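**Student:** All chains, please: the whole structure from these sequences, using the hints.
As given, the protein sequences belong to chains A and B, one line each in that order. Take the first sequence: its letter number 11 is residue 11 in our numbering, and every next letter is one higher. Quick note: to get our numbering, add 1000 to the position in the second sequence (first position is 1).
No lab work stands behind these hints: they were computed from the structure. Incorrect hints may appear among the rest.
What the hints assert, rightly or not - Residues of chain A clear of chain B, computed beta-carbon distances all greater than 12 Å:
1. E43
2. G54
3. E56
4. R59
5. T61
6. K79
7. S81
What the hints assert, rightly or not - Below, in silico cross-link-like pairs of lysine to aspartate or glutamate (DMTMM-like), each with a Cα-Cα straight-line distance of 25 Å or less:
8. K99/A <-> D1059/B
9. K42/A <-> D1038/B
10. K2/A <-> D1059/B
11. K2/A <-> E1103/B
12. K1083/B <-> E1103/B
13. K2/A <-> D57/A
Quantities reported herein were computed from a predicted structural model and do not represent experimental measurements. Glycine is no exception: its CB is placed at the ideal position from the N, C-alpha and C atoms.
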Amino acid sequence: RKEVEQDPGPFNVPEGATVAFNCTYSNSASQSFFWYRQDCRKEPKLLMSVYSSGNEDGRFTAQLNRASQYISLLIRDSKLSDSATYLCVVNMGSGGYNKLIFGAGTRLAVHP
Amino acid sequence: DGGITQSPKYLFRKEGQNVTLSCEQNLNHDAMYWYRQDPGQGLRLIYYSQIVNDFQKGDIAEGYSVSREKKESFPLTVTSAQKNPTAFYLCASSIVFGQGRTEAFFGQGTRLTVV
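**Tutor:** Listed below in structure tokens is the structure:
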């Protein structure tokens, strides 16, 4: 089993749609979680951090379910500019070390 | 401006040669990381370091080596032992807030092509 697993997609949605991505992780001791966005041939950029049960920033909502070991990202009112790959990241470090493990990413394509 | 600088952006190497990728940060971050990304895939951890003179192997360390002699610098050497080195290499650094809380920032990446 991979340490961090995501549905690869692609998700093809019209503008204005609501779309949700899920991510599962294997290490129950993980403390911090992140969603990054990566545009084609660019470096990933931080979208949201998730330390407690969830986080909301405008049209984006991230939720954490520790019991089931999954994180979700909800995007409301999708825009064309939301088209990108969304990477789930879990900090699997311990003993003072940070070890950031990435999922393979979920590709989103928003069309007019 | 603070940030992470990777150089070069594009690199071509002949098969059998070692090559070193540079990563420098002026964010005063303790932790630094190297990832590899292949087309259509996610990032895989090569090496990571929390402090100077200390580093740990990630999931795909074979054929790679690193050093951390200065806080600001974490160069990655791709050796001739790496069987399939052509990839997009990303360096990141992060600050640690405690309780596992951290935020990682990435350089713009180096595209390595073996010819």
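**Student:** For each hint, tell me whether it holds in the structure or not.
**Tutor:** Going through the hints against the structure:
1. E43: violated (4 Å)
2. G54: Check passes; 15 Å lies beyond 12 Å.
3. E56: holds (18 Å)
4. R59: holds (21 Å)
5. T61: holds (19 Å)
6. K79: Check passes; 23 Å lies beyond 12 Å.
7. S81: About 20 Å separates S81/A from the closest Cβ of chain B, which puts it past 12 Å; holds.
8. K99/A <-> D1059/B: OK: K99/A and D1059/B at ~11 Å, within 25 Å.
9. K42/A <-> D1038/B: Holds - the C-alpha atoms of D1038/B and K42/A are around 13 Å apart, at most 25 Å.
10. K2/A <-> D1059/B: holds (11 Å)
11. K2/A <-> E1103/B: With Cα atoms ~22 Å apart, K2/A and E1103/B stay inside 25 Å; holds.
12. K1083/B <-> E1103/B: This hinted pair is violated, its Cα atoms lying about 32 Å apart.
13. K2/A <-> D57/A: Not OK: K2/A and D57/A at ~29 Å, beyond 25 Å, violated.
Of the hints listed earlier, those the structure fails to meet are numbers 1, 12, 13, in rising order.
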